[in-house]
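Student: Sequence:
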Amino acid sequence: MTEQMVHVRMARVEGAQLAQLVDDFRELVGTDRDVTDPAIERMAPDPYPEDADASSAFREATRDDLLDRRALDADIVRTALSELRGDLDSMSQEEAFAEHDLSVRLADVDAWLRTLTALRLVIAERLGIENDDDHDPDDARFGVYDWLGYRLELTIEAADELL
Numbered sequence: 442m443t444e445q446m447v448h449v450r451m452a453r454v455e456g457a458q459l460a461q462l463v464d465d466f467r468e469l470v471g472t473d474r475d476v477t478d479p480a481i482e483r484m485a486p487d488p489y490p491e492d493a494d495a496s497s498a499f500r501e502a503t504r505d506d507l508l509d510r511r512a513l514d515a516d517i518v519r520t521a522l523s524e525l526r527g528d529l530d531s532m533s534q535e536e537a538f539a540e541h542d543l544s545v546r547l548a549d550v551d552a553w554l555r556t557l558t559a560l561r562l563v564i565a566e567r568l569g570i571e572n573d574d575d576h577d578p579d580d581a582r583f584g585v586y587d588w589l590g591y592r593l594e595l596t597i598e599a600a601d602e603l604l
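Mind the numbering: the sequence shown is residues 442 to 604 in our numbering, read in order.
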């Protein structure tokens, strides 16, 4: 039986940008992680807001496993993105912006979805986005946040085509 593949259209320049974001994210959740970083805290939210002791105990018991899972997910995404990596400086603009089918194993789609979502959480934390009202679409700083949402939507749509 052949393995099912999800095909996501992406330009090389987008793949390079996403790969850099994933590399940065991988560093954030890696073994030298700073658990006091607000972005790490946002990925491991308070499960019991009414009970600080229970929340702290739960977070302590689950945070490392959760972040280790996030690191493994990021590795899966980085591996898939290697198809699009290349020396953008030596490419023409046309080559850099030409779309390609990026093949993602159906079994890896969840890792992609979790990684794209986690990247959005990190960026939201860095930009102070708590809800849609905090997001100014005319402010260029929010472009990456929006783009990741777009990539997330396209990945879901591509996976849905197989299901």
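Simulated from the structure, these hints should not be mistaken for lab results.
By construction, the Cβ of each residue, glycine as well, lies at the ideal position given by its N, Cα and C atoms.
Don't take each hint at face value.
[As the list claims (entries may be wrong)] Computed spacing ranges between beta-carbons, pair by pair:
no.: 1; residue 1: F538; residue 2: D506; range: 36 to 46 Å
no.: 2; residue 1: P578; residue 2: D505; range: 17 to 27 Å
no.: 3; residue 1: Y489; residue 2: S531; range: 50 to 60 Å
no.: 4; residue 1: L529; residue 2: P479; range: 30 to 40 Å
no.: 5; residue 1: S533; residue 2: Y489; range: 22 to 32 Å
no.: 6; residue 1: G527; residue 2: S496; range: 10 to 20 Å
no.: 7; residue 1: A502; residue 2: D601; range: 16 to 26 Å
no.: 8; residue 1: A502; residue 2: G527; range: 15 to 25 Å
no.: 9; residue 1: S523; residue 2: R483; range: 36 to 46 Å
Student: Now, for every hint given, state plainly whether the structure supports it.
Tutor: Taking the hints in turn, this is what the structure says about them:
no.: 1; hint: F538 to D506: 36 to 46 Å; verdict: holds (40 Å)
no.: 2; hint: P578 to D505: 17 to 27 Å; verdict: violated (36 Å)
no.: 3; hint: Y489 to S531: 50 to 60 Å; verdict: holds (53 Å)
no.: 4; hint: L529 to P479: 30 to 40 Å; verdict: holds (32 Å)
no.: 5; hint: S533 to Y489: 22 to 32 Å; verdict: violated (55 Å)
no.: 6; hint: G527 to S496: 10 to 20 Å; verdict: violated (45 Å)
no.: 7; hint: A502 to D601: 16 to 26 Å; verdict: violated (35 Å)
no.: 8; hint: A502 to G527: 15 to 25 Å; verdict: violated (43 Å)
no.: 9; hint: S523 to R483: 36 to 46 Å; verdict: violated (28 Å)
Hint check: violations occur at hints 2, 5, 6, 7, 8 and 9; the rest are consistent with the structure.
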